[in-house]
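Here the protein sequences line up with chains A and B, keeping their order. Taking our numbering, the leading residue of the first sequence gets 196, the next gets one more, and so forth. Taking our numbering, the leading residue of the second sequence gets 9, the next gets one more, and so forth.
Derived from the structure by calculation, the hints contain no laboratory data. The model shown is predicted, which means the values in this text are computed figures rather than measured ones. Accuracy of the hints is not assured; some may be wrong.
[To be verified] Taking lysine-lysine pairs in the DSSO-like style, the calculated list, with each CA pair at most 30 Å apart, reads: (1) Lys292/A x Lys326/A; (2) Lys212/A x Lys140/B; (3) Lys222/B x Lys97/B; (4) Lys27/B x Lys97/B; (5) Lys212/A x Lys222/B; (6) Lys78/B x Lys140/B; (7) Lys120/B x Lys97/B; (8) Lys212/A x Lys138/B; (9) Lys326/A x Lys342/A; (10) Lys97/B x Lys212/A; (11) Lys345/A x Lys326/A; (12) Lys97/B x Lys132/B.
One letter stands for each residue in the lines below.
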Amino acid sequence: MSAWLSHHSYALALALKRLVRTPFSSLLSIAVIGIALSLPAGGYMLLGNLQTFSGHISGAPQLSLFLALDAGQDEAAQIGSRLKQHPQVASFQFIPKDSALQQLKQGSSLADVVDSLAQNPLPDAFVINAKNTTPEALESLRAEMQKWPKAEYVQLDSTWARRLDALLSLGQLAVLMLAALLSFALVTVTFNTIRLQILTRRDEIEVSKLIGATNGFIRRPFLYFGAIQGMAGGVAAWLIIALGIYLINGALADLALLYAFDFRLHHLSSEDSMSLLLFSTWLGWLGAWLSVASHLWQIEPR
Amino acid sequence: MINFSNVSKRYPNSYDALKNITFTVETGEMVFITGHSGAGKSTLLKLIAAIERPTSGSIIVNGQNIGTLKGTAISILRRNLGLVFQDQKILFDRSVFDNVLLPLQISGFDLKAAAGRVRAALDKVGLLDKEKARPITLSGGEQQRLCIARAVVNRPSILIADEPTGNLDTDYARDIMDMFRSFHQVGVTVLIATHDAELLGGAQQRILTLDHGKLAA
Numbered sequence: 196m197s198a199w200l201s202h203h204s205y206a207l208a209l210a211l212k213r214l215v216r217t218p219f220s221s222l223l224s225i226a227v228i229g230i231a232l233s234l235p236a237g238g239y240m241l242l243g244n245l246q247t248f249s250g251h252i253s254g255a256p257q258l259s260l261f262l263a264l265d266a267g268q269d270e271a272a273q274i275g276s277r278l279k280q281h282p283q284v285a286s287f288q289f290i291p292k293d294s295a296l297q298q299l300k301q302g303s304s305l306a307d308v309v310d311s312l313a314q315n316p317l318p319d320a321f322v323i324n325a326k327n328t329t330p331e332a333l334e335s336l337r338a339e340m341q342k343w344p345k346a347e348y349v350q351l352d353s354t355w356a357r358r359l360d361a362l363l364s365l366g367q368l369a370v371l372m373l374a375a376l377l378s379f380a381l382v383t384v385t386f387n388t389i390r391l392q393i394l395t396r397r398d399e400i401e402v403s404k405l406i407g408a409t410n411g412f413i414r415r416p417f418l419y420f421g422a423i424q425g426m427a428g429g430v431a432a433w434l435i436i437a438l439g440i441y442l443i444n445g446a447l448a449d450l451a452l453l454y455a456f457d458f459r460l461h462h463l464s465s466e467d468s469m470s471l472l473l474f475s476t477w478l479g480w481l482g483a484w485l486s487v488a489s490h491l492w493q494i495e496p497r
Numbered sequence: 009m010i011n012f013s014n015v016s017k018r019y020p021n022s023y024d025a026l027k028n029i030t031f032t033v034e035t036g037e038m039v040f041i042t043g044h045s046g047a048g049k050s051t052l053l054k055l056i057a058a059i060e061r062p063t064s065g066s067i068i069v070n071g072q073n074i075g076t077l078k079g080t081a082i083s084i085l086r087r088n089l090g091l092v093f094q095d096q097k098i099l100f101d102r103s104v105f106d107n108v109l110l111p112l113q114i115s116g117f118d119l120k121a122a123a124g125r126v127r128a129a130l131d132k133v134g135l136l137d138k139e140k141a142r143p144i145t146l147s148g149g150e151q152q153r154l155c156i157a158r159a160v161v162n163r164p165s166i167l168i169a170d171e172p173t174g175n176l177d178t179d180y181a182r183d184i185m186d187m188f189r190s191f192h193q194v195g196v197t198v199l200i201a202t203h204d205a206e207l208l209g210g211a212q213q214r215i216l217t218l219d220h221g222k223l224a225a
């Protein structure tokens, strides 16, 4: 146990020493890893922000049922009672055509135009909140109501939110592909760093093996080095994103003043930040492992 | 302790370095291996440390058949041997102290216990005042003593040295040989390969002579 501990603390200390001994190249590698990781992680952060944004403004999706223009009060009442009995309807509100016209008059600068109309062009309407708000349930409810007598048109108000969702999942796919490509690049960065280290430490490795070092003993400092470098790269990526958010939020504040809306970018959640660090650490470790596995046999003592 | 039976070693596309070697070295014995250069002295020592594998025959060290050892078992075997290499293999990127520390780090000693052992080993070879020095600043004889300190710091039961006096003048060489004798006197089994017949002059120890890969009677 104490041998195990001292082996690992030795490897960790050695890895740190090597990292510090070549500060310039270490910083460069960490910066490369950080920049490469900040692209997909930053994209992921933006998507997350857009998602909460779209969630805020669409709210609970509603259905609007417009009656035919020639529908009378009896037909409107009939539809009202159908809605009352429908198991999928949580609540609904009837908006008669007269009050809709009044609303239009008050709420817009079209008052003069409205006054000049010979007759009311607006239909009676119902605004319906469904119990089940999944897109599929809403869509089947919409199709069912569309077939009711005197129902001219049923509109799903969340359509545009769903389009945005579809766009966002497309964005997610793009971020995922970017992440996969750049992860591969990161593994090669660590692979090459470790390859150079192994080649410059040929003598040390050879002597160590000759006096009884196991392959694990030789491998360990390199693996620690790769993991530490990867983790530092993850921290760098996190800081780059934080800086980006700080700058963008400054610009957004001006925009928010002009357009009177409140929207600020938020950094990755603590879970996501932790995942980013773990993932970059793992990538560094993987690159080091591949490098050690493919180069160590070249310096087996003969 | 060390037993060779009918051991041969042929290098690929080359001559037979060793032919049908059989001998036994008892615990605590001190044995010199001599012969012209190319007679197979180095190969014989490398076989004991599993740096080379025999083409045929079996080698038993401390009850283990060396020819069949793999991976970690080889590493553990080497930790129980003290090896002084013909080409020294000193690491010039670190201090004398750190060179001697390396075998203990490999065995997993914690630093405090290790430091005491390193100083004890350096004291035995008379380099205690040079522990912070860079190996490049040491004289040839001092470098050789550094190699011996590194070989004995693990307190091995078997000490193996390949041409330890190779390029030293006679006084230094005698110094080094006395050092090996003192290890022998405290019970360590010692094997030394040398072509330097002069050093064997007054020696009481057993001598194995190799001639073109064969053991001369």
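| Taking each numbered hint in turn, which are not upheld by the structure, reported in ascending numerical order? | 5 and 6
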